[in-house]
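Quick note: the sequence shown uses our numbering, first residue 1, plus one each step.
Derived by calculation from the structure, the hints in this document are not laboratory data.
Don't take every hint at face value.
[To be verified] Cβ-Cβ distance ranges computed for the label pairs, FRET-style: (1) Ser43 <-> Val8: 30 to 38 angstroms; (2) Phe23 <-> Leu64: 32 to 40 angstroms; (3) Asn36 <-> Phe6: 44 to 52 angstroms; (4) Pro71 <-> Ser43: 28 to 36 angstroms; (5) Arg115 <-> Gly77: 47 to 55 angstroms; (6) Phe23 <-> Leu108: 17 to 25 angstroms; (7) Pro117 <-> His49: 41 to 49 angstroms.
[What the hints assert, rightly or not] Below are the EDC-like pairs computed for lysine to aspartate or glutamate, each with C-alpha atoms no more than 20 angstroms apart in a straight line: (8) Lys102 <-> Glu37; (9) Lys148 <-> Glu131; (10) Lys105 <-> Glu131.
No residue lacks a Cβ here, since even glycine has one placed at the ideal position from N, Cα and C.
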Amino acid sequence: MTLYAFLVFIHIFSAILGMGPGFVMIYIVKNATNMNELRHAYSIRNRLHIFVMVGGTLLLITGLLMGVLNPLLFQAGWYVASLVLFLIALALGPTFLSSRSKPIKALLESQSEERIPDEYYPLAKKLFFFERIENVIFMVVIALMITKPF
């Protein structure tokens, strides 16, 4: 196996490891009916986020290393577009997702009742909106990687 083939192998596994859990993050918390379930669902999300971070980091590193080994990739439109979109999606985390998840975390810690408070739903709606945008970006990146259209 060549170094390039090994990087492709790691890249594909990183996509499964990193992007797969990211696509189900919303659905994990959607069906919670009380605060206990909601706290547990967000706990699961936090644990899955580790896979997303590790997989995403490996995706970026292996993708760039493949570009270094095959510099023609930097001239391929699909590769450059994928890289730019991936970096935009990564930037969504600390800019939009983090700021929208902090009030939810505070609510989960402060709420003593079992009923999910009404103020949770607009907060979750805003967070999930940006998570869906990120998921769409990642689906476009995956489609570009598979089809290499330009």
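Results for each hint:
no. : hint                                 : verdict
1   : Ser43 <-> Val8: 30 to 38 angstroms   : 34 angstroms, holds
2   : Phe23 <-> Leu64: 32 to 40 angstroms  : 23 angstroms, violated
3   : Asn36 <-> Phe6: 44 to 52 angstroms   : 45 angstroms, holds
4   : Pro71 <-> Ser43: 28 to 36 angstroms  : 44 angstroms, violated
5   : Arg115 <-> Gly77: 47 to 55 angstroms : 51 angstroms, holds
6   : Phe23 <-> Leu108: 17 to 25 angstroms : 23 angstroms, holds
7   : Pro117 <-> His49: 41 to 49 angstroms : 24 angstroms, violated
8   : Lys102 <-> Glu37                     : 18 angstroms, holds
9   : Lys148 <-> Glu131                    : 25 angstroms, violated
10  : Lys105 <-> Glu131                    : 16 angstroms, holds
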